[in-house]
Amino acid sequence: MTAGPVTPAAPPRPGEPVLRWRSRAHSIEEVEGELARIWAQTNFQVDMNGDQVNDERHVAARTSVMNLVVIARRPEVGERTAAIIQMLTGRHPSRTTIVQPADPDGPSWLDALIVAHCVMPRADAPETCAETIHLTCGGEAGRHLDAIIAPLLIHDLPVTIWWPEDPPFGTPPANDLLATADRLVVDGSGWRGTGLTQLVKMAAAADRFPIAISDFALLRQSRWREAIAAIFDIPDFLPYLRHIRRIAVTYGVRDDFGAETTNIVKPLYHAAWIGSRLGMQVTKPLGAMHVGGPRRPTGRQSALANPSAGLGASLRMDRTDVSVVIRPVVSEMPAGTTLRVELLADWRGSELRADVTAEQEAVHVRVWQDGVHALERGFNAPRRTDIDLLAEAIEAGGRDPVAVGTLALAAELVGDGAAAGAAV
Amino acid sequence: MTETATPKRRRTSTQPDSPSIAPETAPDKTPHPAPRPKDAPRTAKDLRLAHLAKRKPSPRTDVNPLREGLRLERVPDPCTLVLFGCTGDLARRKVIPALYQLWRTNLLPHEFSIVALGRRPFDDESLRAEYRKSLESYSRVLPLDEAAWRSFAQRVRYMRGDFDDPAAFDRLVTILDAIDNEQGNRAEGRGNHLYYLATQPSAFAEIVGQLGRVGLDHEHHDGGWRRIVIEKPFGHDLNSAIRLNREVGKVFRESQVYRIDHYLGKETVRNLLVFRFGNGIFEPIWNRRHIDHIQITVAESIGVENRGSFYEETGASRDFLQNHLLQLMSLVAMEPPATFDADALRDEKVKVIRAIGELTGDEIRTNVVRGQYGKGWVAAQPVQGYRQEPEVDPESETETYVAARFEVDDWRWSGVPFYLRTGKRLPKRASEIAIQFKEVPHRLFRDSSTDPDPNLLAIRIQPDEGIMLRFGAKLPGLGIDVRSVTMDFTYGSAFTVDSPDAYETLILDALLGDASLFTRADEVEGAWARVTPIIETWADEPAPDFPNYEAGTWGPEAADELLARDGRKWRRI
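Protein chains in written order, with my numbering: chain A, 1 to 424; chain B, 1 to 573.
Derived from the structure by calculation, the hints contain no laboratory data.
In this text the structure is predicted, and so the values were computed from the model without any measurement.
All residues carry an ideal CB built from backbone N, CA and C; glycine is no exception.
One should not assume that every hint holds.
[To be verified] Which residues of chain B face chain A? A few of them, derived with a C-beta cut under 8 Å, are: (1) Asn64; (2) Leu66; (3) Val75; (4) Pro143; (5) Glu146; (6) Arg150; (7) Ala153; (8) Leu563; (9) Gly567.
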């Protein structure tokens, strides 16, 4: 294994990250030593013109934005996250530590691959470089991730933890890590089962730790939120907003039995977002629906154990009840994808019905006022990639009150039903 | 526990119809009314008002709470942009590339159309082909995104017509009605229109009048906004600006009018507000106690190119001083606005412009320098003088350079000179604002081999948009030698994401109804009130000794003397 600067074979192109450093270490001290060596380089050699002669490139900035810590239990997850982070090198040069715990019962060991990627914004501009530390740790060391990560953090820079799989919320290792973080990035729509148990635990973590939480599941829906909000930008429709009577979210499942294992964090967020923005309170948490309305759970069975016929809940806004319905429909779309959001409002005897749907590149809004078609709009808004979502997550400063409110109300909507829902 | 329980048992004195016994006031258990506070309600009306006052305030019903915290850019309402002067240079180079870029990045509404109005014999397809050629030359992102271009092109319709032909505007009404019915935001088809005047200034009043005549200025109470974007120059002196404002005001309300100064849409200029008011460390020293003087430079290396006849009518004072330079100056000198809305921002800018002392007669001769370039060398190429440019009078007295010393007569800036300069055929294209701080009050390191320069903050607008701070640092070594070093922030290096073009920013703002970066009528007139006396004084003076600077130099010697007289010099850029 070569240790140190890597000279790219081809001249770099603006905007494309290029590997410039690669070395290995087997202890934290060695990792720190390698990082110091990278920082000591003021210039990197690179053949700019393709003439087989190396030119010196001035490095303008390194790791000046934040510490990004990724916890990846599987190697393929670590590789995928590393690829996404590389694409953000120029935009958010950060020190990234990708930690992969392995073999918890064996002896303690640590293996680190340290790499640096550089991006030049323009051919005549200095480069921006950022280093990534791929850490694999086994044995006892793997159970004290905070102790491994702490010495590798750049002081005074915020710490973001990206947990792309199911974080073990509530466990001592997770708590130790969250205590060191300023921001937690997760993807609730990728959690196992319905995802609701994790969601409730995450809401509890948000209460316990002073961290900001960015959930890709919520960020992904911003195009829906933009479209829904735009309905009520129209002065004629705005008065209906505080007189919503029903929020119905339809999501896709693979087959008739798919609802029991389909993650419904995204559909739930829609209802929770609207409810929280309008100051609604939960009066009846989510429960399984049957024909004629929500059915009370019996015995020890979870209220959310059988969402096949849909889930229903009640909210209260001012003095009015608002029904929430989250129902599955067999669809070819990925399971858990929101297919439709419907709103029904009633103001001074006049009814407003809004129907929001989305496709790959656009979100469509249709509104009927007293049964008369009153609005049809399309919003050009393609689905966003994980690169876009991570960029948005780490660009956000502090706690986003909208996300905080949405998560809190989503957890309240789940209520105690999540306890038994842990199994699903 | 008792703290929370006690108030529940205690009746408040705001309920006189049900007198209660407060425990601490009733030791003998004899019921008697609690003492009435002075502000207790006395009448039924008082009671009702008191009751209402105690109620939790109702949420504002005119605000959309779903809009809060949305991180996506707000997409404008469905609308139609009517582009007057659609085949002109400005439309091809700036407006259409900006609209295409906004479309490509999904920042325009799905229901969006462009009605392009011009005199030339195009049809929809041939105009689209022309625009495609323009985009291939002027789009900031190339190659073109074919899918985005196809869908964008479908939204462009050509309408041939003269701006002074009433029938053309009658046809425009019909076309807009048809589009509104197709894509209107309401079933009734009352669409939103943005009229973009990318024409010669002489056509502004005519177009505005025609739009008013056919009722295209009328906004509907249930939506259907009408806005008009007017390019600079807005008038050619104070009187013409007042006249034009009056003409526009007869048809459109001020809130419908968006006067563009594209400098205000540039990223660094917008960042100036963030830099000043989003950071705590600069504002306390942003005043006469710490700042020695300020230099604002807008330098161009190009000549008048194909705009000789236009430039003969304008000159540097009208083309740049009255708008770009005074706008930059007002942003540097303004007080923090109370809110970040358009009028609060513009109120503060107007205050600065009004506080700039009006120069008269001798003051103009002392504080303002004009110049015109002769032949010379720019970027290793020989270039001709201004008077040899096409469409330029060989005896022209038009200034291609102006430098001025202004003062802002207010509490913050009294005694701090603002030196402004702009010119063509200068050695390089560069625009920047340099804040020169005062020297330290006591020179502790006077024996140092190199005296450090006073601190300087340079805000680069173009090229290499960014901010540089100069300060003194100790040279490595055993002695105490001090040298000036710089701390440099460059947008291009710190963020690899491209900044939007100024026109993208401004057009989107106009579509969204945000006038913060547009100039208001009183700003325009205020700026003309400062510049018009200069132009008039020059007109009364004997013919200047032009050309008085070589192309490729930093302007006439008199401009250097303007600062040298104060013991200062222009910053080397």
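Results for each hint:
1. Asn64: 5 Å, holds
2. Leu66: 4 Å, holds
3. Val75: 6 Å, holds
4. Pro143: Because about 15 Å separates Pro143 of chain B from the closest Cβ in chain A, which is outside the 8 Å limit, the hint is violated.
5. Glu146: With a minimum Cβ separation of about 15 Å from chain A (threshold 8 Å), the hint on Glu146 of chain B is violated.
6. Arg150: With Cβ-Cβ at 13 Å, over 8 Å, it is violated.
7. Ala153: 15 Å, violated
8. Leu563: With Cβ-Cβ at 32 Å, over 8 Å, it is violated.
9. Gly567: With a closest approach of 36 Å, the Gly567 of chain B hint is violated.
Hint compliance for this structure: hints 4, 5, 6, 7, 8, 9 are broken, all remaining hints hold.
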